[in-house]
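There are 2 protein chains.
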Amino acid sequence: MGKDNGKVVVLDFWASPYAMRTKIALREKGVEFKVQEEDLWNKSELLLKSNPVYKKVPVLIDDNTPISESLVQVHYIDEKWTDVASFLPSDPQARATARFWADFADKTISFEGGKKIWGNKKGEEQEKGKKEFLESLKVLEVVLGDKSYFGGETFGYVDITLVPFYSWFYALEKCGDFSVETECPKIVAWGKRCIERKSVAASLPESEKVYQQVLKLRQIFGVE
Amino acid sequence: MGKDNGKVVVLDFWASPYAMRTKIALREKGVEFKVQEEDLWNKSELLLKSNPVYKKVPVLIDDNTPISESLVQVHYIDEKWTDVASFLPSDPQARATARFWADFADKTISFEGGKKIWGNKKGEEQEKGKKEFLESLKVLEVVLGDKSYFGGETFGYVDITLVPFYSWFYALEKCGDFSVETECPKIVAWGKRCIERKSVAASLPESEKVYQQVLKLRQIFGVE
Numbered sequence: 001m002g003k004d005n006g007k008v009v010v011l012d013f014w015a016s017p018y019a020m021r022t023k024i025a026l027r028e029k030g031v032e033f034k035v036q037e038e039d040l041w042n043k044s045e046l047l048l049k050s051n052p053v054y055k056k057v058p059v060l061i062d063d064n065t066p067i068s069e070s071l072v073q074v075h076y077i078d079e080k081w082t083d084v085a086s087f088l089p090s091d092p093q094a095r096a097t098a099r100f101w102a103d104f105a106d107k108t109i110s111f112e113g114g115k116k117i118w119g120n121k122k123g124e125e126q127e128k129g130k131k132e133f134l135e136s137l138k139v140l141e142v143v144l145g146d147k148s149y150f151g152g153e154t155f156g157y158v159d160i161t162l163v164p165f166y167s168w169f170y171a172l173e174k175c176g177d178f179s180v181e182t183e184c185p186k187i188v189a190w191g192k193r194c195i196e197r198k199s200v201a202a203s204l205p206e207s208e209k210v211y212q213q214v215l216k217l218r219q220i221f222g223v224e
Numbered sequence: 001m002g003k004d005n006g007k008v009v010v011l012d013f014w015a016s017p018y019a020m021r022t023k024i025a026l027r028e029k030g031v032e033f034k035v036q037e038e039d040l041w042n043k044s045e046l047l048l049k050s051n052p053v054y055k056k057v058p059v060l061i062d063d064n065t066p067i068s069e070s071l072v073q074v075h076y077i078d079e080k081w082t083d084v085a086s087f088l089p090s091d092p093q094a095r096a097t098a099r100f101w102a103d104f105a106d107k108t109i110s111f112e113g114g115k116k117i118w119g120n121k122k123g124e125e126q127e128k129g130k131k132e133f134l135e136s137l138k139v140l141e142v143v144l145g146d147k148s149y150f151g152g153e154t155f156g157y158v159d160i161t162l163v164p165f166y167s168w169f170y171a172l173e174k175c176g177d178f179s180v181e182t183e184c185p186k187i188v189a190w191g192k193r194c195i196e197r198k199s200v201a202a203s204l205p206e207s208e209k210v211y212q213q214v215l216k217l218r219q220i221f222g223v224e
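Protein sequences, first through last, are from chains L and V. The first sequence lines up with residues 1 to 224 when you count with UniProt numbering. The second sequence lines up with residues 1 to 224 when you count with UniProt numbering.
The reader is advised that the hints may include incorrect statements.
Claimed, not checked - Straight line, CA to CA, 27 Å or less: simulated BS3-like cross-link-like pairs of lysine-lysine:
hint	chain 1	residue 1	chain 2	residue 2
1	L	K216	L	K130
2	L	K198	L	K7
3	L	K49	V	K131
4	V	K147	L	K49
Keep in mind that the hints were calculated from the coordinates and are not lab data. All values derive from a computational prediction rather than experimental measurement.
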C-alpha cells in the first residue's frame, strides 16, 4: 500500500536515467506517485515553472513544492519517508564512501558520456567515448567486487544512482559494437540482480525500447 | 577547545577553494586538525595513496581513513560531529533547497570556471568566461536576496560551498577588468559578512596573495 496518494508527482521522461533514479527511490520507499510524461521537445508550462534553472526532468513535486536534480530528490525521498530503511548506511564513514562513489558514478556514467558513443559514427570520437565509459565502469566493477550491491547486502544510494544506465547498456553496445558483459561481468551480474527488485523493474524500460529511442536520437542529431 | 586532537589531517593547498570548504567545516564544528600542505607539482605519496581516483586535494584523513571530494567531506564532518548544529536545516524540503543551491554553486562557480577568466588574455574567450561567471553569480544573488546567509540567519551548507571563491574574486576582477560588487552587491556584502566568522577568516587567504598565485599560474600556462 502506498503513502500520500496523489500528492506526489514526477515530471518524467521514460528514457531518462535521471528520472528512473527518482522513481526507483519512491518505489523503494513505497510512496505512491503520479507520473506526468513530458514531451522534451515541447516542455509543459509546469516543467518550465517548476525547474526554471535547468528546465529538465525529473522534477519531483511533493505537496505542490517542486524539487529538481535527481540526487537531491533521492536524498529528499530518503529523508522525508523514514519509516522504510535509509538508502545510506548509518556510519558516517560508510555514508561518505557511498556519497563518493555515487558522485563518481554520476560524473562518469552519464547521459552525456553515453552520447559520446551513440552520438558519433564509428571512428575516433566514438572510440574515445567507449574508452572513457569502460574505464569508469571498470573502476566501479572493482569497487563492487563480489558484493551483491555497492553497499554490501543492501540495495542503496550508489545502486539507485547507477542502475538506470543498465537499461542503456544494450543501446550503447549496439551503437559502439562492444560487450559490457565481456568488459565488466560483475557490473552486468549486478544489473541483473537489481532488475529483480520490483522498484527497479517498474522504473527501467526494456533495453530494446531504449535502443529504438537512441536510433531516433541518432536521426535527429544527424548521426546517420 | 578542539576535539580529537591530532587524529584529523587535511591534505591541503592553501589557495584551493575546495580545501577551504573542508577547513571551514572543521572549524565551524570546533574540530582540531593538522594541515599538510601539498606541492601540487610534486604530490606526496600520502596524497596519491589517499585519493587514487582523483589524486587531488583536499583529502580529509580521520583516524587514518581518507575521505575525498570536498562536499562529501563537508557532509561527513556534519554527520560525525553532531554536538554542534548541523550545516543543513532539519526540514527535508529546506534540506533539498540547500542541496540544490550548493550543487548549483559547485557546478557553476568553480576553479575551472574561474580559469576561463584568468587563464585567457583579454578577448572573446575571457568575455565568455566572465559572462558565464556573472550570470551564475547573479542567479545566486537573487537566491540570497536580503537574507544574511543562504539559509537565512544561519551560516550553513550553501555558504560553506560558495564562500571560498570570495577569496578569488579580486584575482578574477584584476584579470578580467570588472567589478563583482557592481554586478552582485549582495553577494559581496554576504562575503564580507562571512569573512567576519572565525572559521572563514582562518580558512580564506588574502585576496592579494591569491592574485599573486594567479599571476604565477598565468606564467606557467603561458597566458602572458
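Here is how each hint holds up against the structure:
no.: 1; hint: K216/L <-> K130/L; result: holds, 20 Å
no.: 2; hint: K198/L <-> K7/L; result: holds, 22 Å
no.: 3; hint: K49/L <-> K131/V; result: holds, 24 Å
no.: 4; hint: K147/V <-> K49/L; result: holds, 23 Å
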